[in-house]
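Sequences and hints are given; from them, build the entire structure.
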Amino acid sequence: RAHARRRARPRPPRRVLRWTVAVLALLLAATGGTYAWAETTLNRGVDLAPAGTDAAAGTTLPTGVGTNYLIVGSDSREGLSESEVDELRAGGGGGRRADSLFLLHTGRHGAVLLGLPRDSWVTIPGHHDPATGKRVPPERDKLNASFAYGGPRLLARTVEHNTGLRIDHYAEIGFAGFVRVVDAVGGVPMCLDRDIRDEKSGADLRRGCRTLDGRQSLAFVRQRHQETAGDLGRSRNQQRFLSALAGRVTEPGNALDPSRLYPALGAGLDSLVVDRGMNLRKLAGMFRSVRGADGDRGARRLTVPVDAVGLATPKGNVVRWDADRAALLFRQLREDRVVTVAGGRG
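Numbering-wise, my numbering comes out as the position in the sequence shown, counting from 1, plus 924.
It cannot be assumed that every hint is accurate.
[As the list claims (entries may be wrong)] Ranges of calculated distance between the beta carbons of each label pair, as one might list FRET restraints:
| no. | residue 1 | residue 2 | range |
| --- | --- | --- | --- |
| 1 | V989 | R968 | 23 to 29 Å |
| 2 | A1247 | G1201 | 46 to 52 Å |
| 3 | R1134 | E1006 | 24 to 30 Å |
| 4 | R1021 | D1119 | 46 to 52 Å |
I should point out that these hints are in silico values taken from the structure, not numbers from a laboratory. C-beta atoms are modelled at their ideal positions from N, C-alpha and C, and glycine is treated no differently.
Take a look at the structure:
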């Protein structure tokens, strides 16, 4: 686990964690309106209100218990210089695509962090093309294609349509913000069970435990050609890293150190895009839940159940969900029950 090297140090009791959050709030309030600045700086550019309703298609917003966050890592190069694009092996494509996709459910039984492989074979619901305004009928395609066709709104609708889960909040971060947040908190500890070398992502990591800087971290979460399970294996790596990063961000040494707190806040806010209903309190709660999804208090970290990887289709090779197991998993999340379904390949 990402915190294996710190296992000897006992985990602080919950009252200490609550005290830490309270002190952090006081620190922000006492430093020239930092909290107010951060609150007003949040880029609330995603409107989820229409995401679950489409009069033309006759669909309605899914209902359920608990709170669901759609967390997206995009390959946006915004904020990167040409030299940084080259150094990070970020490629030369314009725009942004959904590179990493997670659904975080929080409820009575803790948190469940569910990895959604970007190549998942799903139904993209009917929508209007934002470029032409023309009606596009439902179609089968890869999950991340919905992001390319209609941005965060269509991506959220697609996840809702295929899972039956209501998406309450959305958070997306690009390459630049990811790298700078990792560097601002002093890197993220990660233990690898084998060497990883991947030319496309630039990953060149040796087996063992080490602290990854921003560049190494980005290469680690992007590489998949070294994974026997391909996109599925990459999704698992991304989940593991996201939990470790959330734990690092919320450590008292980072949360209470202005020299690290402010750069981390600035780096994150510069490239973070959230929904209109998001605020700092909810965002902090999301990070704490992601950290909790590392196995504590009944929380779970898993990948959507699948029965085929690399399945050939007219849209390329895809990951096919296991219909029965996935349906049971989504029903348990929708009803906020304890998850009993095993994720990944059956």
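Going down the list of hints, with the structure as the test:
For the pair V989 and R968, the beta carbons lie near 25 Å from each other, so the given range of 23 to 29 Å is met. About 32 Å separates the C-beta atoms of A1247 and G1201, a value inconsistent with the hinted range of 46 to 52 Å. Take R1134 and E1006: their Cβ atoms lie about 29 Å apart, and the range 24 to 30 Å holds. Judged by the Cβ atoms, the range 46 to 52 Å given for R1021 and D1119 is violated: they are separated by roughly 28 Å.
Consistency with the previously given hints fails for numbers 2 and 4, ordered from lowest to highest.
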